[in-house]
Amino acid sequence: MILEPVTYKGGLYRNDEIVDLIEDVGGYIIQKQMVATEVVIQALVPRDDIALIREVAKPLAGEITPSPLVGTEIAVVTPSLEIHHLPHASCDVAEYIRRFGAKTNMVGLARGFGKRIAQLNDEERDVINEHDLAIYLLGDFEECIRHKFPVLRRGIEVPIVVSGGPSKETLQKIIDPPVDGYVGEVGRFMHRTKESEEIDKLEEVVAEITRVVSKKREEIAKDPLSVSPARLMDIIREQVEEIHRVLSPTPITVQMTGLRVKLPYDTFSTVLKKLEIERGVTIGDLADIRPSRMRDYILLKIRPFSDTNIMI
Amino acid sequence: MDSVEYFEVECPEAAGKEYYRKIADIVLLDHNLIRVIRKLHIFIDPRVPLFIAVGVTKKLPGPVKVRDFADVNIQDRQVTITIGDEAYLAALLHLLWEKFGKERVDQPDRFTILLDLAPEEQAGLEDLVVMDPSVTLYKDLIYALQVIQPEGFKVRRQYYAGGKFYLVASEDTLPEDIEDLVRRKFALMGEQL
Chain A
1 MILEPVTYKG GLYRNDEIVD LIEDVGGYII QKQMVATEVV IQALVPRDDI
51 ALIREVAKPL AGEITPSPLV GTEIAVVTPS LEIHHLPHAS CDVAEYIRRF
101 GAKTNMVGLA RGFGKRIAQL NDEERDVINE HDLAIYLLGD FEECIRHKFP
151 VLRRGIEVPI VVSGGPSKET LQKIIDPPVD GYVGEVGRFM HRTKESEEID
201 KLEEVVAEIT RVVSKKREEI AKDPLSVSPA RLMDIIREQV EEIHRVLSPT
251 PITVQMTGLR VKLPYDTFST VLKKLEIERG VTIGDLADIR PSRMRDYILL
301 KIRPFSDTNI MI
Chain B
1 MDSVEYFEVE CPEAAGKEYY RKIADIVLLD HNLIRVIRKL HIFIDPRVPL
51 FIAVGVTKKL PGPVKVRDFA DVNIQDRQVT ITIGDEAYLA ALLHLLWEKF
101 GKERVDQPDR FTILLDLAPE EQAGLEDLVV MDPSVTLYKD LIYALQVIQP
151 EGFKVRRQYY AGGKFYLVAS EDTLPEDIED LVRRKFALMG EQL
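One line per chain: the protein sequences are A and B, in this order.
Quick note, the first sequence lines up with residues 1 to 312 if you use this note's numbering.
Quick note, the second sequence lines up with residues 1 to 193 if you use this note's numbering.
Calculated from the structure, these hints are not laboratory results.
All values reported here derive from a predicted model rather than from experimental measurement.
Careful: at least some of the hints might be erroneous.
To be verified - No more than 20 Å apart at the CA atoms, straight line, and that leaves these computed lysine to aspartate or glutamate pairs for DMTMM-like:
(1) B:Lys154 to A:Glu143
(2) A:Lys168 to B:Glu18
(3) B:Lys22 to A:Glu185
(4) A:Lys194 to B:Asp25
(5) B:Lys22 to A:Asp200
(6) B:Lys17 to A:Glu185
(7) B:Lys139 to B:Glu151
(8) B:Lys22 to A:Glu197
Full structure from sequences and hints, please.
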């Protein structure tokens, strides 16, 4: 069963029916947001059933659109959180990626500014490595990018997309060894993106990220995960009562190969480890549970089939 | 930037030059500084790295005195100041509090200030300087230039006098001949430091 990431947008009226339908056909709700009289549901649904959901949603004036980035957590890395790099470029990009279903976290480096003096510390490196992908928003000068990017990427193991002021070709030329994606002509700017060509640039960022994410998905499909992260999320939601008391918008964040569970590690890591998925198989059998460098959250990485020999 | 007589950005990188032209334009517009700048030359060399901004301001209005925005009536010890332009009221109140103490400054309504002053204290009240636009302008200008400059350039030298200003910034120690460089940039605009 191939699960397709989608976003459903519709009115509050009878939205339960859509939720039930998605669950009945074997899909998973990743996030449900109620904004005034509107409801936005990000979900993974079986590809064959999208037409059915669309049909049911029609009389409710609901709309279902493909969202390639649902179920991914992306780090938006910016050299600093100063006015020079915020709020325009970084916030606009982070916000725009969210529209396509990704969960974005802004990572503002403590000492990422400057050319010679730029640094990346171990905490920042580990936090970035907890994500599915990192998009680096760099500045306008190729000389600076050439000089400082090797420092900013040191130890980063997740796919990287670089954006900066110089053209895409220039970025490709100056970055060595190559990264997974490039977006040119999105550097430092001091205004909100409003004009159509600026929005087109943001579209380009999303397209590049989608391309890299799809490539990673294909790689994962070659050696599939022992259990789907979305299913694991459902199990935790059903069996761990405390998760419903977490006030964060996404108490469990779905990643491509795991989950970020926003419960304290010391108290809940053993609880999660012993949680039964099916017929005596516990989460601990299929996934590595480790403390996240982000607050005291729990990071859950699902092991592939080749490692566990179990697939549920 | 049409109202600015001279505006150039000098940079070895063509793309960077265009971006910084736009950045400078937007920042100065946002900070309401375009109308006070007459000439501006920005030089950025990311290889050194070095950022130099030199410029000339337009002729500024002189210091604002009490007589420019208020009427002062003196009857024996009672001084009544009637405010015409509220923009300077807060600054004036602060000055009066500092000079005479809060208990002697009474403000029965928004546009009236009453003071109880001895005759020798009353002299020169109308000529009291409430605000000097050039002082705030200097701060605003330097702040705006710091926003324009690339992030991370923490070593800075700034100057403002006689309508001319410059800001030099780098992440390394500034070169010794920096003043000569600044003078050369002024010469490009047809000015002398």
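Going through the earlier hints one by one, which of them does the structure break, listed in rising order? none
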